[in-house]
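Asks: The residues making up each chain are set out below.
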Amino acid sequence: MNRRKFLQLLGITGGAATAVSMGARKAVAASGARVEPDRNAVGVLHDSTLCIGCRRCEAACARVNNLPPPKDLGDAAVFDAKRRPEVDAYTVVNRYDRNAGKPIFRKMQCNHCLEPACASACFVRAFKKTPEGPVVYDPSLCVGCRYCMIACPFTIPAYDYHKVLNPLVHKCTLCAPRLAEGKLPGCVEICPTGALVFGKRTELLDLARERIRKTPGLYEDHIYGETEVGGTSWLYLSPVPHAELGQPELDTTSIPELTSGALGAVPMVAALWPVLLTGAYAISKRRDRIAAEEEAAAVAKAVSEAESKAAEELKKALAKAAKEKESALAKAAQEKDAAVAKALAEAEAKAAKTAATEAAAHEPDGKGER
Amino acid sequence: MQYPSVIRETLDSARNQAALWRSRLPSFKELLLSIPRTPANIVTAAILAMGALLTLLRFTLGIGGISNLDNVNPWGIWIGFDLLCGVALAAGGYTTSAACYLFGLKRYHGAVRPAITTAFLGYLFVVVALHYDVGQPWRLVYPIFVSQGTTSVLFEVGLCVFIYLCVLLVEWTPASLEWLGLKTIRSFVVKLTLPLTILGVILSTMHQSSLGALFLTSPGKLHPLWYSSFLPVFFFVSSMFAGMSMVLFEGGLAHRFLHHKMDEAHLHSSREIALGFAKASSFVMAGYLCMRLFDLAMNNNWAYLGTGYGLLYLVELLGFVALPMLLYAFGVREKRFGLIRAASLMAVLGIVLNRLNVCLIAFNWQLPADERYFPSIMEIGLSVFIVTMIITAYRIFAHFLPMLHEHPEYKDAH
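Protein sequence lines correspond, in order, to chains A and B. According to my numbering, the stretch in the first sequence is residues 19 to 388, in order. According to my numbering, the stretch in the second sequence is residues 352 to 765, in order.
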């Protein structure tokens with residue numbers, strides 16, 4: 019069971035997994051990055067046991083793509099340094115020396131992945147995997163972000179770093195224009211030893227397996243490109259492990275699949291965050307509201323307590339005042355009575371005294387009135 | 352002709368402002384000459400002049416004319432530093448506004464405006480920097496308007512950054528609308544705060560994590576200690592404390608150099624904000640540290656710890672995540688603001704180190720030394736130019752706009 023089947027199974031059974039894997043697969047399907055495997059899709063098989071390093075493929079490639087012809091053709095010193103595809107050379111052949119035995123030559127160009135990393139990485143869909151096999155590039159869309167070069171597991175695309183006005187990505191086209199005219203790719207057409215075989219990819223795989231089976235011990239039992247990053251249109255046979263020919267050891271998972279999980283999570287984030295965040299907002303709002311209500315209630319209680327206490331005190335004070343007033347009034351009344359009595363007594367005493375004096379004046383001589 | 356009052360007010364105000372500016376215009380030269388010739392301003396002027404020259408070179412010689420980028424190393428510091436670090440350190444915008452408006456931490460209000468301004472400037476200059484890095488900057492709108500590569504992580508980044516920049520612009524406008532005196536529009540924009548904040552968090556979650564997801568394509572090129580299927584999660588979680596640490600760090604700088612621009616409310620709340628953010632950062636960093644260590648264990652990458660890259664990994668995680676995490680915690684407990692500021696600087700540097708590790712230092716780790724990338728002096732110069740432009744714009748905004756203080760007529764505001 020491969021990973022994709024596994025994800026599909028998960029999709030049937032699991033809730034969250036369904037969302038992610040479905041989202042992921044749809045996200046891939048939406049771009050045309052993955053096309054359904056076409057039985058008739060073409061490819062090229064490179065058999066490095068047959069390659070003699072003549073570099074005529076490089077020359078033919080330059081010719082059919084209108085690039086400057088490779089320098090130093092026939093000069094073995096070229097092989098002293100490892101070269102890679104450049105903006106003016108879509109394919110190069112490198113030599114790999116061995117401790118024992120003849121050196122091995124390996125051709126290098128775009129491998130035309132079945133699920134191309136460049137096509138899934140490109141944010142303007144400038145790369146497209148055609149059903150016929152080639153991965154083609156639309157220069158009118160390219161922004162020049164160079165993410166394709168980061169994503170490519172073989173580090174193939176080259177960029178016009180020194181152009182100002184229309185810098186572009188350059189890579190092998192598998193001669194898609196020539197294929198449309200019914201011609202062979204330039205490199206395959208010129209190859210003098212049969213190291214390059216063009217054909218349907220399915221048939222090339224059969225051919226490669228047959229070669230491995232028929233000549234035991236000659237080849238590594240591995241067709242490079244059969245399963246690497248989900249499979250490539252170019253296939254390689256080698257007498258030594260492919261890593262020794264500078265071919266990276268890669269997983270069978272395609273590069274688009276590595277990012278599809280993250281991309282599939284995007285709609286879920288968009289759907290879930292508003293719920294959680296509005297929830298957080300509602301919680302904080304409610305917390306504020308309850309705090310405000312509690313505060314208001316506490317204030318109201320404090321106020322009513324203070325008020326009732328004040329009322330009681332007021333009542334007490336009033337009562338006390340009334341009592342005081344009464345006692346003051348009583349005292350005043352008492353004092354008044356006393357004062358009146360005293361005044362009366364005084365007046366009576368005075369009157370008595372006066373009467374006595376008068377009586378005394380009349381009685382001895384009777385002249386008092388005059 | 353009768354216009355609705357909103358338009359009339361806007362038009363009147365704009366007319367008044369235009370008249371005001373016209374009356375000031377002849378003295379613009381004087382304004383320029385009136386800038387004090389402090390050492391900082393002279394250095395700024397020199398860097399801006401250098402940047403103008405580098406811009407000229409970039410657009411006459413091409414990318415290759417001033418950079419060390421090549422076919423094996425297509426991304427350099429303009430992506431690793433200007434884009435990745437720029438976006439991560441501008442995360443203070445969403446963390447601060449979410450804390451204040453969504454999680455009800457209203458006492459953080461004083462930090463929102465500077466954080467939104469920093470985020471806006473950060474994203475704006477990320478886009479400016481991209482104009483130097485991409486080959487055909489005049490096509491930068493293509494992914495949005497011409498041909499949508501929906502399977503690309505970079506498409507998601509581009510779309511989110513584009514929309515988020517618009518969101519930040521709207522979130523940031525109240526400051527300039529107050530300055531211009533456009534009350535009606537301002538009050539309308541202020542009403543949008545809640546939905547804009549939620550939208551900002553969604554967009555930030557997406558593109559912060561997607562910046563990490565960019566490197567999911569390269570298991571063969573990125574060192575196993577940094578490659579992980581959880582890269583998007585790491586980038587998102589680290590952006591939280593990156594943003595908060597940047598708010599703290601920048602707050603420290605602003606206190607030192609722009610103290611006179613701050614009002615009592617801002618000064619009063621900033622201590623509380625420092626404690627809150629330091630505490631939150633410390634917590635998030637603890638979680639992040641656990642995630643990174645679990646990832647190390649799950650992928651059984653222990654053996655790499657003994658290598659040179661292992662040392663770099665340990666320096667990044669222990670020196671620039673664990674240590675600032677502890678400093679934050681200690682600083683909060685002891686209320687030592689100097690420690691918190693030091694921790695914020697370390698955390699910011701830690702984020703820079705992490706992003707550079709993922710994008711440049713641990714990328715293409717298997718290549719021989721002579722095929723590895725090191726930035727050219729002009730590439731570094733251009734990045735310095737971009738950072739200087741951000742700082743200069745921040746200083747200009749802080750000078751003119753009610754950013755570190757409340758506008759006297761809009762105290763109600765918040």
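Read the hints as simulated data drawn from the structure, not as lab findings. All C-beta atoms in this analysis are idealised placements derived from N, C-alpha and C, irrespective of residue type, glycine included. A portion of the hints provided could be inaccurate.
Under the rule of at most 30 Å between Cα atoms (straight-line distance), these lysine-lysine pairs were calculated in the DSSO-like manner [stated by the list, open to error]: (1) B/K612 x B/K542; (2) A/K303 x B/K380; (3) A/K303 x B/K542; (4) A/K343 x A/K333; (5) A/K303 x B/K630; (6) B/K457 x A/K319; (7) A/K218 x A/K232; (8) A/K360 x A/K341; (9) B/K380 x B/K542; (10) A/K319 x A/K334; (11) A/K338 x A/K349; (12) A/K354 x A/K368; (13) A/K303 x A/K327; (14) B/K630 x B/K457; (15) B/K457 x A/K303.
Chain A is faced by these chain B residues, among others (derived, beta-carbon under 7 Å) [to be verified]: (16) N422; (17) P425; (18) R490; (19) G500; (20) G509; (21) A749.
Asks: Hint by hint, say whether it matches the structure.
Replies: Hints and how they fare:
Note on B/K612 and B/K542: the hinted pairing holds, with a Cα-Cα distance of about 27 Å set against a maximum of 30 Å. Taken as a hint, the A/K303 and B/K380 pair is broken in the structure, with Cα atoms around 51 Å apart against an allowance of 30 Å. Taken as a hint, the A/K303 and B/K542 pair is honoured in the structure, with Cα atoms around 16 Å apart against an allowance of 30 Å. Our distance criterion of 30 Å between C-alpha atoms is met by A/K343 and A/K333, whose separation comes to about 15 Å.
Note on A/K303 and B/K630: the hinted pairing holds, with a Cα-Cα distance of about 23 Å set against a maximum of 30 Å. This hinted pair checks out: B/K457 and A/K319 have alpha carbons roughly 28 Å apart, not beyond 30 Å. The straight-line distance between the Cα atoms of A/K218 and A/K232 is roughly 21 Å, inside the 30 Å bound, and the hint therefore holds. For the proposed pair A/K360 and A/K341, the alpha carbon gap of about 28 Å is at most 30 Å, so the pair holds.
With a C-alpha separation of about 39 Å, the suggested pairing of B/K380 with B/K542 is violated against the 30 Å cut-off. Among the hinted pairs, A/K319 with A/K334 is consistent with the structure: their alpha-carbon atoms are about 22 Å apart, no more than 30 Å. The straight-line distance between the Cα atoms of A/K338 and A/K349 is roughly 16 Å, inside the 30 Å bound, and the hint therefore holds. Between A/K354 and A/K368 the alpha-carbon distance is near 20 Å, which keeps this suggested pair within the 30 Å criterion.
Between the alpha carbons of A/K303 and A/K327 the distance comes to roughly 36 Å, so the proposed pair goes past 30 Å and is violated. This hinted pair checks out: B/K630 and B/K457 have alpha carbons roughly 17 Å apart, not beyond 30 Å. Between B/K457 and A/K303, the direct Cα distance comes to roughly 11 Å. Compliance with the 30 Å bound is thereby established for this hinted pair. For B/N422, the interface hint holds, the least distance from its beta-carbon to any beta-carbon of chain A being 5 Å, beneath 7 Å.
Among the interface hints, the one on B/P425 holds; its C-beta lies about 4 Å from the nearest C-beta in chain A, closer than the 7 Å criterion. With 7 Å as the threshold, the beta carbon of B/R490 comes within range of chain A, its nearest partner Cβ sitting at about 4 Å, so the hint holds. For B/G500, the shortest C-beta to C-beta distance to chain A is roughly 4 Å, which falls under 7 Å, so the interface hint holds. With 7 Å as the threshold, the beta carbon of B/G509 comes within range of chain A, its nearest partner Cβ sitting at about 6 Å, so the hint holds.
Look at B/A749: its Cβ only gets to about 30 Å from chain A, farther than 7 Å, so that hint breaks.
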